[in-house]
Amino acid sequence: MEKIIVCYKWVVDENDISVDYDGNIKMREPSYKVSLYDRNAIEAGTQLAEKCGAQCVALTAGDAKSEKSRKEALCAGPSEGFAVIDDALESADSLLTATILSAAISKIGDAQLVICGEGSGDVYAQQVGPRIAAALGWPLLTYATSIEVDGEKLRIKRDGSEGTELLEAVLPLVVTVAGDCNTPRMPGLKDVMGAGKKPFTIWSPSELNCSAEELVNGLATMEIIGNRPDRKNIVIKGSGKEAADEVIRGLISEGVLG
Amino acid sequence: MSKQVLVFSELVRNIPELITAAKSLSESVSAVVIGSEEDAKLAIACGAQKAFLVDVVADTPSEAYASTIAAIVRDADASALLASLTPKGRAVAAFVAQMLNASCGSECKTIQKIDETYSFSRAIYGGKATSFERASTEVFVATIPLRSFEAAASDQTNQGEIIRVASQAATYPVKIVEVVPREGDSVDVTTASVVVCVGRGVVKEDDLPMVNELAEAIGGVVGCTRPIAMDFKWFPQDRYIGLSGKSIKPKLFIGVGVSGQIQCLAGANDSKVIVGINKDENAPIFEYSDYGVVADLYEFVPALIASIKSL
Ligand SMILES: Cc1cc2nc3c(=O)[nH]c(=O)nc-3n(C[C@H](O)[C@H](O)[C@H](O)COP(=O)(O)OP(=O)(O)OC[C@H]3O[C@@H](n4cnc5c(N)ncnc54)[C@H](O)[C@@H]3O)c2cc1C
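Going line by line, the protein sequences match chains E and R.
Sequence positions in the first sequence follow this note's numbering and run 944 to 1201.
Sequence positions in the second sequence follow this note's numbering and run 328 to 638.
These are calculated hints, taken from the structure and not from any lab test.
One or more hints might be untrue.
[Unchecked claim] Covered stretches of chain E (in silico footprint by chain R; criterion: 3 or more residues with CB under 8 angstroms from a CB of chain R, positions within the stretch not fixed):
#	region
1	1056-1067
2	1078-1092
3	1139-1152
4	1169-1178
[Claimed, not checked] As a list, the in silico DSSO-like pairs of lysine-lysine whose alpha-carbon atoms are at most 27 angstroms apart:
#	chain 1	residue 1	chain 2	residue 2
5	E	Lys1184	R	Lys531
6	E	Lys994	R	Lys573
7	E	Lys1141	E	Lys976
8	E	Lys1184	R	Lys599
9	R	Lys436	R	Lys350
10	R	Lys578	E	Lys1175
11	R	Lys606	E	Lys1184
12	R	Lys636	R	Lys578
13	E	Lys1100	R	Lys578
14	R	Lys573	E	Lys1175
15	E	Lys1100	R	Lys502
16	R	Lys599	E	Lys1175
Ideal placement from N, C-alpha and C gives every residue a C-beta, glycine not left out.
Excised from the complex, chain E in its bound form:
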């Protein structure tokens, strides 16, 4: 195996997302990061590359904000990065994202393995990995919990409905990894410094031969309505018997206890 491509999304930290009751999505001073489970994809690709002397390349697509992902993505292991940047990708749906990413994967060339996270931290539709496989015409395997190289073969584990499945695959392949497949490394100062020196190429969709007509979403959001949690919101302060008795009385009156 020569080249592994790991895909990631630059997203608002999930802890910063809140919704007010009019349905307006509020991002409390949003901070951006590499999506949680994409960090597992980057780690998986980096580990495999280290083991078999391959190159691990990171790839993202998004609007101009995604350029800022450079350091965070590259200090996590990959030796090179690519970003497809266009304003039209700001709220790209899975169809558009996968079309762009697969075109970029073909342009990067020579990759035999593409790794994606199980789903993004914001939308979590879990579509892009499978869609990339379809667009490339490659086989797909989802939710891997471990990937090992064994000569020309990959040995993969995942959780199936009947138990843990042990699978064997030949390349090329698109794999999505589950959040528990590894623990992403904590980059040290050296990694952070080194990240700035690694090559990072920015493409526009037109450089991927994607026409403007292709830069459209298949889905349009018409309306978002906030759901007010219909809860009593009774606050009880105190950790002793009195507080406990108050909760118990409440639960009994609700008919859920006793």
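Here the structure of chain E is known, so what remains is to put chain R with the ligand in place on it, guided by the hints.
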């Protein structure tokens, strides 16, 4: 006549409920059945006009059938494919959608077709909001959570055609070599009437007996948040609750040291009563709680156990 709507489920037993969903969109509904002739007959008895029957190939992952399903949808000139929402069903649906240059609605709560255009609603931000979306592609693919629709009743007098479709699944370059059965978990958080949910506020595995005692005293079972199961592995993964875990509907949910991030509460929002125990009065769990106890759980949980026992 409107174009056909096809249904597919990785779990054949879910096909009848998908048929109900599809019938609300088109009078012409057919099923893709990866299974046996019996399964295909059931789909027809439940109202499918045709059953496209694909043989199961042993030791082959579900993904291997995706390109065959896409070809069936294309050849049938269907306007939509509804797939049930299982992890692999989701992956297959997305793969099929890309092959057909189609949009794919994830976890659709409702689906409508107006003037041949599909629109749907889905929960976003962990249930904090509902998003209404419209598909502009020629073909639409949707994944539908299990048990969202009544199963179509089976009527043996329904007539239909079984069409056998050859698949290339046998030559798929990924093979299952072995399946190691998971250790059975006697606890099912999805059917329990009381769930005590352990969050990271519980700092050591050694502290779990205290939570177990609470669950036992109150007649419930212990579930947990994702990091407790996936990172710390204190519980099997079937025990964690949330967006990527189990959705539960108990009459009582008690979060013990759970921060209440939307991704976790997304799975517990349908509980009748929610109690949150957290020492941080600004923890998001309080927004979702009927009873929010601002306290150190290590002091409050023993007090709560004592109160229950004294009833
Ligand atoms: C796409 C996506 C999907 C996800 N899916 C899920 C999912 O399905 N399920 C899930 O659970 N998570 C999920 N997560 C993760 C989720 O965002 C949160 O990180 C997680 O739920 C937090 O778990 P926690 O509440 O146990 O831990 P924390 O957020 O660390 O909270 C611990 C809480 O304990 C409190 N605490 C600490 N000590 C004490 C004490 N002594 N007494 C009282 N309180 C105390 C703290 O104040 C804190 O609020 C997902 C994330 C993403 C991005």
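Hints, verified against the model:
no. : hint                   : verdict
1   : 1056-1067              : holds (count 4)
2   : 1078-1092              : holds (count 6)
3   : 1139-1152              : violated (count 0)
4   : 1169-1178              : holds (count 8)
5   : E:Lys1184 <-> R:Lys531 : holds (24 angstroms)
6   : E:Lys994 <-> R:Lys573  : violated (35 angstroms)
7   : E:Lys1141 <-> E:Lys976 : holds (19 angstroms)
8   : E:Lys1184 <-> R:Lys599 : holds (24 angstroms)
9   : R:Lys436 <-> R:Lys350  : holds (16 angstroms)
10  : R:Lys578 <-> E:Lys1175 : holds (15 angstroms)
11  : R:Lys606 <-> E:Lys1184 : holds (16 angstroms)
12  : R:Lys636 <-> R:Lys578  : holds (20 angstroms)
13  : E:Lys1100 <-> R:Lys578 : violated (36 angstroms)
14  : R:Lys573 <-> E:Lys1175 : holds (24 angstroms)
15  : E:Lys1100 <-> R:Lys502 : holds (11 angstroms)
16  : R:Lys599 <-> E:Lys1175 : holds (11 angstroms)
Hint compliance for this structure: hints 3, 6 and 13 are broken, all remaining hints hold.
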